[in-house]
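What follows is the residue order along each chain.
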Amino acid sequence: MNPIIRRITKNRLNDLKGLSIEGEIPVSEEMLNEVLQLFLHQKKKPQKTGEPEASSSSGEDSPDIGQILGSLDENIVKIELKEKQAVLKVTVRKY
Amino acid sequence: MSADILKDYFLEKLEKSDLSGFEGASLSFHIPLQEDFLNFVLETMITDPERMDDFKEIHFSEMNNDEFRVKIDHSMIDREIRCKIHDIEYNSHADRIVRIEFLEGIKFYEKALLTIFGKAKSSWSIFKHALKSDDDNEEGDAFWKLSGSSVKINLDALLRKQELDFLIPLMKWKGIITKNNSIIIDFELKAEQNESNYPTNN
Numbered sequence: 001m002n003p004i005i006r007r008i009t010k011n012r013l014n015d016l017k018g019l020s021i022e023g024e025i026p027v028s029e030e031m032l033n034e035v036l037q038l039f040l041h042q043k044k045k046p047q048k049t050g051e052p053e054a055s056s057s058s059g060e061d062s063p064d065i066g067q068i069l070g071s072l073d074e075n076i077v078k079i080e081l082k083e084k085q086a087v088l089k090v091t092v093r094k095y
Numbered sequence: 001m002s003a004d005i006l007k008d009y010f011l012e013k014l015e016k017s018d019l020s021g022f023e024g025a026s027l028s029f030h031i032p033l034q035e036d037f038l039n040f041v042l043e044t045m046i047t048d049p050e051r052m053d054d055f056k057e058i059h060f061s062e063m064n065n066d067e068f069r070v071k072i073d074h075s076m077i078d079r080e081i082r083c084k085i086h087d088i089e090y091n092s093h094a095d096r097i098v099r100i101e102f103l104e105g106i107k108f109y110e111k112a113l114l115t116i117f118g119k120a121k122s123s124w125s126i127f128k129h130a131l132k133s134d135d136d137n138e139e140g141d142a143f144w145k146l147s148g149s150s151v152k153i154n155l156d157a158l159l160r161k162q163e164l165d166f167l168i169p170l171m172k173w174k175g176i177i178t179k180n181n182s183i184i185i186d187f188e189l190k191a192e193q194n195e196s197n198y199p200t201n202n
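Chains as they are written, first to last, in our numbering: chain W, 1 to 95; chain C, 1 to 202.
Rather than coming from a laboratory, the hints here were simulated on the basis of the structure.
Cβ atoms here follow ideal geometry from the backbone N, Cα and C, with glycine treated the same way.
Mixed in with the good hints, there may be bad ones.
The calculated lysine-lysine pairs, modelled on DSS-like cross-linking and capped at a C-alpha distance of 30 Å, are [as the list claims (entries may be wrong)]:
hint, chain 1, residue 1, chain 2, residue 2
1, W, Lys-94, C, Lys-145
2, C, Lys-152, W, Lys-82
3, C, Lys-152, C, Lys-179
4, C, Lys-16, W, Lys-17
5, W, Lys-78, C, Lys-7
6, W, Lys-84, C, Lys-179
7, W, Lys-10, C, Lys-71
8, C, Lys-179, C, Lys-16
9, C, Lys-179, C, Lys-56
Where chain C lies over chain W, by a calculated footprint (3+ residues, C-beta under 8 Å) [as the list claims (entries may be wrong)]:
hint, stretch
10, 10 to 22
11, 30 to 36
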């Protein structure tokens, strides 16, 4: 790992005391649904011949959500917002 | 499921300057770099043979009231210089520029030498490597320009060098100052379609 990143992580951001990130991100209903569809219908990367099947990083017992979703004949999830917009409010501070 | 999908999705939109779906987004960043951390970063860079190993020392101190002292030990100059950071301004191409003026520590003839030194590119170009720039088009889009009495850093050219061009119209620089023995960088990211990249004055 880069020594600068390592130090920032190890010192739990104490080198950046006073840091703040604040604001709002309005996200349209259309975009939310676009992103949702990307998650639902993401394709697994094709596996090279002879390559062992990669196990899930979260453990052998973890279900492969992508595989399960891909096995369904129909999966429709849609977000509906009343004002057609979600607003993400962001406040990040290091004291 | 991977967060890369989300990252790729937004990156593609930003690279196409397509802000639809999150127009009006606004994030303010206030990033203080404390003396100890800043000097650690510089020390890390000068000990890297691929970056700034022609420097023996660069050490910042007394960072207050938009001024700072920097001790530079380099084959061309071994001196402590007092500098002042000026407001962000524009060049003739409407790029945002921050000028750092040398207040003390450099004599008249050294200023003249530095001007020549800057024009000749010399080993100061190692700064570019330190910031992961490439060597293509060095003269045409250099992000810094050294003259006898100051160094001008082109913030937009720096973003272009990092292949972050798409951030230029979104970035509103609020200021770079020194206070409480730290360098403080303030900027906003605003997703506003068709807005120019001129910063707000403060």
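Evaluated hints:
Restraint check for W:Lys-94 and C:Lys-145: not satisfied, since their Cα atoms lie roughly 34 Å apart, outside the 30 Å limit. Restraint check: the Cα-Cα separation between C:Lys-152 and W:Lys-82 comes to about 50 Å, which exceeds 30 Å; the hinted pair is violated. Restraint check for C:Lys-152 and C:Lys-179: satisfied, since their Cα atoms lie roughly 21 Å apart, inside the 30 Å limit. Only pairs whose Cα atoms come within 30 Å are accepted, and C:Lys-16 paired with W:Lys-17 is rejected, the gap being roughly 35 Å.
A threshold of 30 Å between alpha carbons decides the hint, and for W:Lys-78 with C:Lys-7 the separation of about 21 Å falls inside it, so the pair holds. This hinted pair does not check out: W:Lys-84 and C:Lys-179 have alpha carbons roughly 43 Å apart, beyond 30 Å. Taken as a hint, the W:Lys-10 and C:Lys-71 pair is honoured in the structure, with Cα atoms around 28 Å apart against an allowance of 30 Å. For the hint pairing C:Lys-179 with C:Lys-16, the CA-to-CA distance comes to about 38 Å; that exceeds 30 Å, so the pair is violated.
For a cut-off of 30 Å, the pair hint linking C:Lys-179 to C:Lys-56 stands: about 26 Å separates their Cα positions. For the stretch 10 to 22 of chain W, the stated coverage by chain C is satisfied: 8 residues place a CB nearer than 8 Å to a CB of that chain, which reaches the threshold of 3. Interface restraint, the stretch 30 to 36 of chain W with chain C: holds (4 residues with C-beta to C-beta distance below 8 Å; minimum three).
In this structure, the hints that do not hold are numbers 1, 2, 4, 6, 8, in rising order.
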